[in-house]
Amino acid sequence: MTAVSAGQLLPWLLVAPLAWAVIAVLIESRRGALTIAVHAIGVLLHVALGVALYTSVARSGPAAHALGGWSAPLGIGLRADGLAVTLVLLTAVVSAACAVYVMTTERAAHDADAETPRYFWPLFWLLVTSLNGIWLAGDLFNLYVGLELLGLSAVGLVALGGSETALSSALRYLMAALLGSLAYLLGVALIYAAYGTLALPELAELIAREPLTQLAIALMTIGLCLKTALFPLHGWLPPAHGVALTPVSALLSALVVKGSFYILFRLWFDVAPEAVTPLAAQGLGVLGAGAVLWGGWQALREPKLKMLVAHSTVAQLGYLFLFFPLAVGTGVSAAALATQGMLLHLVAHAFAKSAMFLASGTLIAAAGRGGVADLAGIGRHMPMSLFAFGLAGVSLMGLPPSGGFNAKWLLLQSALASGQWFWLCVLLSGGLLTAGYVFRVFRESFVESKDSQFTPTPRGYDWVALTLAAMAIALGLASQAPLSTMTSGLRVMAGGT
Amino acid sequence: MRRRVARHAVAGVASVAVGIALWQAIGVRSIPTVSLPALVREAMPASGVSHDITAVLLNFRSYDTLLEIAVLLAAAVVALALRDTPRERMPASQPYLILDTFVWRITPLLVLVAAYLLWAGSTRPGGAFQAGSVLAGAAVLLRLSGLAVLSVDDRLASRVVVVFGLSVFLLVAAGTLLAGQPLLAYPPAWAGALILMIEAALTLSIAVVLFSLFDNAPQSRPAAAPAQRGEA
Chain A
1 MTAVSAGQLL PWLLVAPLAW AVIAVLIESR RGALTIAVHA IGVLLHVALG
51 VALYTSVARS GPAAHALGGW SAPLGIGLRA DGLAVTLVLL TAVVSAACAV
101 YVMTTERAAH DADAETPRYF WPLFWLLVTS LNGIWLAGDL FNLYVGLELL
151 GLSAVGLVAL GGSETALSSA LRYLMAALLG SLAYLLGVAL IYAAYGTLAL
201 PELAELIARE PLTQLAIALM TIGLCLKTAL FPLHGWLPPA HGVALTPVSA
251 LLSALVVKGS FYILFRLWFD VAPEAVTPLA AQGLGVLGAG AVLWGGWQAL
301 REPKLKMLVA HSTVAQLGYL FLFFPLAVGT GVSAAALATQ GMLLHLVAHA
351 FAKSAMFLAS GTLIAAAGRG GVADLAGIGR HMPMSLFAFG LAGVSLMGLP
401 PSGGFNAKWL LLQSALASGQ WFWLCVLLSG GLLTAGYVFR VFRESFVESK
451 DSQFTPTPRG YDWVALTLAA MAIALGLASQ APLSTMTSGL RVMAGGT
Chain B
1 MRRRVARHAV AGVASVAVGI ALWQAIGVRS IPTVSLPALV REAMPASGVS
51 HDITAVLLNF RSYDTLLEIA VLLAAAVVAL ALRDTPRERM PASQPYLILD
101 TFVWRITPLL VLVAAYLLWA GSTRPGGAFQ AGSVLAGAAV LLRLSGLAVL
151 SVDDRLASRV VVVFGLSVFL LVAAGTLLAG QPLLAYPPAW AGALILMIEA
201 ALTLSIAVVL FSLFDNAPQS RPAAAPAQRG EA
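Order-wise, the sequence lines are chains A and B.
Numbered per my numbering, the first sequence spans residues 1 to 497.
Numbered per my numbering, the second sequence spans residues 1 to 232.
Incorrect hints may appear among the rest.
Estimated spans, in silico, between C-beta atoms of each pair [unchecked claim]: (1) 32(B) / 107(A): 48 to 58 Å; (2) 124(B) / 61(A): 41 to 51 Å; (3) 13(B) / 491(A): 35 to 45 Å; (4) 436(A) / 5(B): 35 to 45 Å; (5) 180(B) / 422(A): 49 to 59 Å; (6) 62(A) / 180(B): 16 to 26 Å; (7) 218(B) / 29(A): 14 to 24 Å; (8) 36(B) / 432(A): 49 to 59 Å.
Think of the hints as simulated: they come from the structure by calculation, not from any bench.
Because the structure is a prediction, the values reported are computed rather than measured.
Just so it is clear, CB atoms sit at the ideal spot from N, CA and C, and this is done for glycine as well.
Build out the structure end to end from the sequences listed, making use of the hints.
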């Protein structure tokens, strides 16, 4: 088995989940032990592939795979650097946790002869395929296809809720996603017209600072910001993430919105650092700050628990955009600190937010209703879920020790190193707002209430949420190894702009 | 009403701005130094087909096509998940002599056209997507005229046909990997045959998926429709 190189491993991360999507369609009518076993095998295989790829690239450097045996620009290349394989592993772990949550639901439903949503698994595997496709893509048009598959499977998963609000939220999400993809595609067409190639490594050498290129980058940036729900283009996110089934919300907030952000990062810092301007970066930073404050404020006054967590996603995505003004047009050390902070925040938020959504879903299942006020008295009955919620909250607030704390600390140091102290105020007030809405949930939960009834929930739910939350915390204790893997070989670390 | 006007204004201004920017930018574009068409011409002899678009779609960039087929599967799955159950069958229409005769005559022709388009794909414009669309059109015609009760639903048979094209494509992909080759690197001697086989399988699934989107679309509810439009 030692002979398998990372390059040979790459395509299996696409073939395996796609094969499980096909299998999932074929066994859709079956319920119970068989489906759970089949998908458990798929999840284990996927995690094993992710771990193997990560260790191989972390040990012996980036890998590539020329699809069809045709080298770029004629063919399409897959490439795996440290950042890509870290995100592949993150996807494997978070999606596995969500899968276990769904399996727990299915087992409980099977025992109780209840119905579970149909066609979850095919869409789940298609979503995983598209995420891996995006992390590993080496071609602008291929990224577009990946975005379309990601968007459509995510919209489908939201619609599975089946209620009228689920359908209208899904439709709104679909429109936003389509508009974003089209803006991106328009930019891709312009790039192709100007340079005659779509391969990322080639484009990185060719791209120059000229009006057509900048227009293309601007169009792609707008499209990707819409898909990442950057304030003020975030209106579609809270209803979609708030109304979806709990494990779907976790997948969407933890991973899906990161897909379009990842493309934006690659575009600005790997492909076209010559064409982007500090002014545009400051603009993205201002919008990010708007997201941190507005999302936090909305979460603070939101009456429904899952919507509160969804607004929190809008705010936390804002931090990702604070990275742009800290890394474009600043010194090497500020840019390096900002990159580390942003990437760590991306990973820590994925763990913390999926944990928080899963814990919230469990609390709602126990309380039977979705309001924050309905949690009164739940502290006594559901200590484990509440503990997971709290641990995730620690990372989101940026309290030590947690991945979220280290990430915000790095961003803060970068703001100081580049002399942009005003981003500090955003970081601090964002943390306060986060503390505000997390403690709001706790205040309600510890209210003593005699008349509230709680349904017991499966144990598995709590273990899954706790594991994810513990990972967000553990990331604060051991940030160095994943950080050095993620940032190795990135142009921005060497002061590319 | 006020919001609607504001929205239209925003949309109008954005469209005009993007239009002007594109117009300006296209005027100053440089001539690319890389020429993909030339690279395609060079590699054509090894592609297994003699039409360049088919070579790009099914050989040079076959991975894009594989993911696009996955996009179609996602659409079909969402439609299946959301279809109304139990469904009301569309009432059988009154027999119309002219319509029925026309549909009966044209359906075999459409099947023939689809087969030709599939076959032609390797040498001239054509291929799985075109052939699949024609087949799906024939199925829609049969359904609308009430002559055949086709439907794509939860039955195993339906699901098998929906994933058939993707399965064949994936098996070829896995086969190339297991043979120690890059993903979808066909052996040159087999390339033509493999591409035709994949395209044939895709034709069937594309036709069924497109028809299923028509078949599983929610039946229009006349009372609800105007209200929704007003709200949007």
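Here is how each hint holds up against the structure:
1. 32(B) / 107(A): 48 to 58 Å: holds, 56 Å
2. 124(B) / 61(A): 41 to 51 Å: holds, 45 Å
3. 13(B) / 491(A): 35 to 45 Å: Hint holds: Cβ distance 36 Å, inside 35 to 45 Å.
4. 436(A) / 5(B): 35 to 45 Å: holds, 37 Å
5. 180(B) / 422(A): 49 to 59 Å: Hint holds: Cβ distance 56 Å, inside 49 to 59 Å.
6. 62(A) / 180(B): 16 to 26 Å: holds, 21 Å
7. 218(B) / 29(A): 14 to 24 Å: holds, 22 Å
8. 36(B) / 432(A): 49 to 59 Å: holds, 53 Å
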